[in-house]
Amino acid sequence: MHEMSLCESILDILKDQAAKDSFTRVKRVAVDIGPLSCVEPEALKFGFDVVMKGSLADGAVLEISRPSAEALCLSCFKTVPVKARFDCCPECGSEALQVVSGEELKIRELEVV
Amino acid sequence: MCTVCGCSGFHEKDHDPDHGHSDAHARAHDVCHVHFGEGEAGGAVPGMSQARLIQIETDILGKNNSYADRNRALLTAKGVLALNLVSSPGSGKTTLLVETLKRMAGKTPAAVIEGDQQTSNDADRIRETGAPAIQINTGKGCHLDAHMVGHALERLPLAQGGVLFIENVGNLVCPAAFDLGEAFKVVILSVTEGEDKPLKYPDIFANADLMILNKTDLLPHVDFCVGAAIKNARRVNRKIQVLQVSARTGEGVNGWLTWLDGALKMQVAHARGLAAE
Numbered sequence: 807m808h809e810m811s812l813c814e815s816i817l818d819i820l821k822d823q824a825a826k827d828s829f830t831r832v833k834r835v836a837v838d839i840g841p842l843s844c845v846e847p848e849a850l851k852f853g854f855d856v857v858m859k860g861s862l863a864d865g866a867v868l869e870i871s872r873p874s875a876e877a878l879c880l881s882c883f884k885t886v887p888v889k890a891r892f893d894c895c896p897e898c899g900s901e902a903l904q905v906v907s908g909e910e911l912k913i914r915e916l917e918v919v
Numbered sequence: 003m004c005t006v007c008g009c010s011g012f013h014e015k016d017h018d019p020d021h022g023h024s025d026a027h028a029r030a031h032d033v034c035h036v037h038f039g040e041g042e043a044g045g046a047v048p049g050m051s052q053a054r055l056i057q058i059e060t061d062i063l064g065k066n067n068s069y070a071d072r073n074r075a076l077l078t079a080k081g082v083l084a085l086n087l088v089s090s091p092g093s094g095k096t097t098l099l100v101e102t103l104k105r106m107a108g109k110t111p112a113a114v115i116e117g118d119q120q121t122s123n124d125a126d127r128i129r130e131t132g133a134p135a136i137q138i139n140t141g142k143g144c145h146l147d148a149h150m151v152g153h154a155l156e157r158l159p160l161a162q163g164g165v166l167f168i169e170n171v172g173n174l175v176c177p178a179a180f181d182l183g184e185a186f187k188v189v190i191l192s193v194t195e196g197e198d199k200p201l202k203y204p205d206i207f208a209n210a211d212l213m214i215l216n217k218t219d220l221l222p223h224v225d226f227c228v229g230a231a232i233k234n235a236r237r238v239n240r241k242i243q244v245l246q247v248s249a250r251t252g253e254g255v256n257g258w259l260t261w262l263d264g265a266l267k268m269q270v271a272h273a274r275g276l277a278a279e
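Just so you know, the protein sequences line up as chains A and B, in that order. Residue numbering for the first sequence follows the numbering used here, beginning at 807 and increasing consecutively. Residue numbering for the second sequence follows the numbering used here, beginning at 3 and increasing consecutively.
In case anyone wonders, no lab produced these hints; they're calculated from the structure. All values derive from a computational prediction rather than experimental measurement. For glycine and all other residues, C-beta sits at the position ideal for the given N, C-alpha and C.
What the simulated footprint calls covered on chain A by chain B, stretch by stretch (three residues with Cβ under 8 Å from a Cβ of chain B suffice, anywhere in the stretch; the number is not a length):
1) 819–829
2) 837–844
3) 885–898
4) 909–917
Across the chosen pairs, the derived CB separations fall in these ranges:
5) B:244 to A:881: 19 to 27 Å
6) B:130 to A:834: 51 to 59 Å
7) A:828 to B:194: 52 to 60 Å
Construct the entire structure; sequences and hints are all you get.
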């Protein structure tokens, strides 16, 4: 359940940002969680509500976007969509894929008061 | 007149963010106008919305990664080869480590950071070999992070040109996300587990440089296909190197020591290169 630690990291980032941008409350946190980022969105949501309790982001909405994951096929040299690390190339069936995106784990935007 | 909202009502109290209107006044509000001063910020400024958006584009693991970078810089400067050993509980990590340290004793300096939720049992086993060890208890935590390792490094004697083994908490999921500042990540899979573990827990195998198949002495007694395990690991990580070892009988341990020696030489050469710059 490392999602709890990630939520604590999110809270640290919110506190740093609050000091920098002078806000006192966070209403919405928009994050990008790539499908290959080893994070379970439901666990992150659960951890978020627990960790944010009593903080400047108490009751804030966690908005999770899932950018698509892509890999470069080393056989047919096409960039193809993938869902998991062990997917085969949907074009040529090759297993030789190199992941190029889908590992994102970042806060994109905050709505603050 | 109300100085915040501009309505013609009379206020007994000063206007505060909670809007201290009398009941009658509040009812009048409902009828006569829309009150911008009742919004999120408790006040209204022309041209500004109550809430604002801030684009921050910040890596959630940014803080951990900066601690990891600091650890890596410290270790690299000293020419210390740091390895992050990850596996599920019971794969034989500590036994492999004990056997490795016994063979390295007197030749290559080594130190160990042990990560477990509770107890110092593993660090005690390591210290019996004569190697210095620090136990990190993560409490309820399921992984080591770079901050914890940084603190352990402050206390652990690290010899120039030595090896630092970081034995992570037994867990194939959570440690995958946390860079500790190691030179290489080594995943240990024992043959008493399923050969499909690399597919079930792809993140940790995708991030590893080396996979050690441990407990190979048990192969005649279990349904474990070495070829399938290696094939599965390479499906999630084409570059992963593989060694087969039995920490109990010592079979294959020399191959592991040779790998360590090669990696250490690379690290020492790297440190010399940095010093020359």
